[in-house]
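> Each chain, letter by letter, is given below.
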Amino acid sequence: MQPSDDILVKRVKNGDMDAFELLVRRYENKVYTVAYRFLGSHADASDLAQETFLRLYQALPSFRGESSFVTWLYSVTANACRDEIRRKQRTPVVSWENEVVNSGGQTVSLTLGRNRIPTPEEAAEQNELNESVQQCLNELPEEQRLILVMREIQGLSYEEIAGVLKCSLGTVKSRLSRARRAFRDTYVSKRELFGQCSRLAK
Amino acid sequence: MQCLVVRELLSPYLDGVLSLAEQKEISAHLAVCPSCRAEFEILCDLVNILKDLPELSPSSGFSARVIKNVAALPPEKRQGRFPKFLRDFTRGAWTRVAALAAALVFAFGITMLMYGMPWQRETGREIPQILVDQGQGEQEPVRSGRDQELVAVNPDYELNGNSGPETQHYPDQAAITGDGTAQGGSAQTGAMVGVVTPASQPERSSFPVGQNINAERANMPAVNQDNSFTDTSRGLNVSRVVAVKEGVISKKVAYGNVPPSSRESEQKIIQNATLRLDGDGNVRSELESLAGSKGIQMAGYTDEGGMLMKVPAGQYETVVTSMQNLGKLTIGETNREDISNEYTAYEVRLKELAVQEQILLEAIEKYGNAPAPDITIQLEKVREDMEYCKKQLLTLSSQVEYAFIQINLE
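Protein sequences appear in the order of chains V and E.
Residue numbering for the first sequence follows our numbering, beginning at 1 and increasing consecutively.
Residue numbering for the second sequence follows our numbering, beginning at 1001 and increasing consecutively.
Distance condition first, Cα-Cα at most 20 Å in a straight line; then the derived EDC-like pairs of lysine to aspartate or glutamate: (1) E:1051 x V:122; (2) E:1391 x V:192; (3) V:190 x E:1041; (4) E:1390 x V:185; (5) E:1068 x V:44; (6) E:1381 x V:192; (7) E:1051 x E:1041; (8) V:190 x E:1045; (9) V:88 x V:47.
Keep in mind the hints are simulated off the structure, nothing from the lab.
This is chain E alone, in the form it adopts within the complex:
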């Protein structure tokens, strides 16, 4: 077995979930290969470190809160038989809460229609605090006349922006030059700025996802070139326009240099197979010549004289078919794994990080030449994380791009 293959199997080997044959093969390999053995020991150590993490306990009163929450469930969602007085009590409380919630939602809706979304208010000079929940009370739906001012200062943005009739963007730089004190409400309220929704035209805030992304990017001013805290050498080109859809960031226009949405819907599938081929003496050379064509690469040989091929994912079926012409082909183990979720998870994380980076850049800009050191540290950390996500995405897409086929010859 090759080290590459062994490394792939160390994790299931550790858990003892491989077949007996595989298990034996790996044990044999580990006995002779110091580097794989070292790798295995690290893996064991790390697993133990995780297993040894101490058990924690919640703050006191946790169980009492659980009981209280259960009692507050609406009767039909509750099971079991409660004393009647308890049921009456909770039902009453629930009705009151529901009525209050409905009233709040209504009031919020009206306020929104009249004044725009809450994150469009102006903010002070503070280190950005990103709010976990956008519905939190501290974001009062206050909206000064600032936004209209900004629109007035930058009337040409709507005119020359080719970002579609539904949207209206302007970069934050415009906000800053337009009014020395206005920061566009960007930092504190969590990078929600970039779309202005004049009170009279609330429908403008709706933003069709995926529309004109490239056009917008092409139109983007280079934002971070003169910023000493921006390391442009990494190729991070985060633009400053964030679109808003019903209070949720629906699209980050550009994040790093990872290909955007066009491939998002595609399924990401890693495909591997082990085949057995019985043929005459020429099989090996025929396989090798097959490997020369169709963009197939020879990835190596196994100890038993088998061959490893790296096949472009789209060619997988064709290659298997052409192998059938070479002799008796038995398909052993095939492994198809859909990693779309994982891929998307990385993408989502990367987008989140890009938003954080954006906010930090704005904070740095706000502080001019003397930014707080913790901001730059945070920025470094965010960028590190972005690099990591990109690395993982690249690894995954390269795994998706090629199918590995191991051919055992008789």
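Next comes chain V alone, as it looks inside the complex:
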């Protein structure tokens, strides 16, 4: 049986690097996915995920277990994303790297939560959909992307989001509402542009 998060955390606090590596392996997919959804590029996502775990390690002594480890990890991740926005605003650099999701090696457990294995056609269609969804995310302003990732990908509560963004619940409400609407607009216009078949069309 795998040791629980709490036990691992305790062991890391006592200087056990193996325990830390176990934690990293346990959550690297989650952190990496969030970073990728937020940044839209594998190279950047890898850097940000590294940075997140580094921060996590440094902040571990201050983790007192008020929330579950996962929740705490998620807020550290979201904070790293938020700081990435700030960093970019300080040094506006330009990039139009348009990396396409590598549907072979990078996507895992496509069928997660579904009972049957999809046909190759279905898988291809799903990949295409995922790709266009990611492109829509990439086109949103970072602040909106961040709040969408926090809510829909990480599943953070409004309170947790307010904690990361240091704003009121009301603000989270209206920002999320706006971000969703912006995402909707982008998605709908993209669909019209390419005539992609999508679940929305059904």
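Following the hints, put chain E in place on chain V, whose structure we already have.
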């Protein structure tokens, strides 16, 4: 409830974070209003699409790299107890890295003083590659005599430019006419050109932010009129001078038709309120006559006979005060939201896009009549994004401009 109000609340409704009363009200409305229901279904679908995105995994060796990075942390930033040999090893490595970094920074500084900033070198005829990190090694601090040549060709720019004594601009057109092969180093190195820093006068590259923006714009040559790939009908008027401050684009002189920096420092606040007014029978007509004055607009009526008013943001306090004279005023829900960050985010994005557009235009110009199709596609895309940002900015500023007040009458 009005559709407009309902649409605003669909997102929190979906997450179940509204008050029970609101939640019920929206459910009731959705049951009878097909268009709001359709809107809600789209919202649900989109949220599900995002939730269903697959989990990804980083490339192999990710966790090993994390461990390596942790081990490379300086001892005081590291927590936990490491074996002594590990600590000694990393400390040694860190010192070496730090010494190397210091030496590199020093060398770079000296080179910069002697030769100018690295992006002022000349470049070949390539499709622009925008470098993510300006500190990257491939931008060697090489600087040919080209810049001095360009200055010599265009001596009058400093003379007639009224852009202040600290700056020296010239449009890229000048670079191109001045020397058929020189592209001013602009495209490949990321639109950093436009300010020439002669080696003997490095202090010229400092550029006071916000100085003389209008003067510079007025002085700007119209750049894209004869370019078949430029759609001037959109009102995009991107000028070609980019100022440089310590290697960072500090000011894009003009980007699209969005008002520039003057309002940047202002706070953007959206203000909404729900009030309850108990008064005699005349209240309604008095409110309506109030709405006729002070630039207030009636925005509609609620199902319960309440009124919606659109009030210029500056008038908000005054209007509430004058309502207090009409009867017993209870302030229900007020919502003040500072959207400055979001606004700035759009502005920053728009500036980035303007820089991209600039680079693409230069690339197109370079290729003359036969530009690579992917450049024009990229340009289209960039412009589309710019339009989107502008739209969002306009929406936000109109939301900021007016406060919505809902008045429920007894």
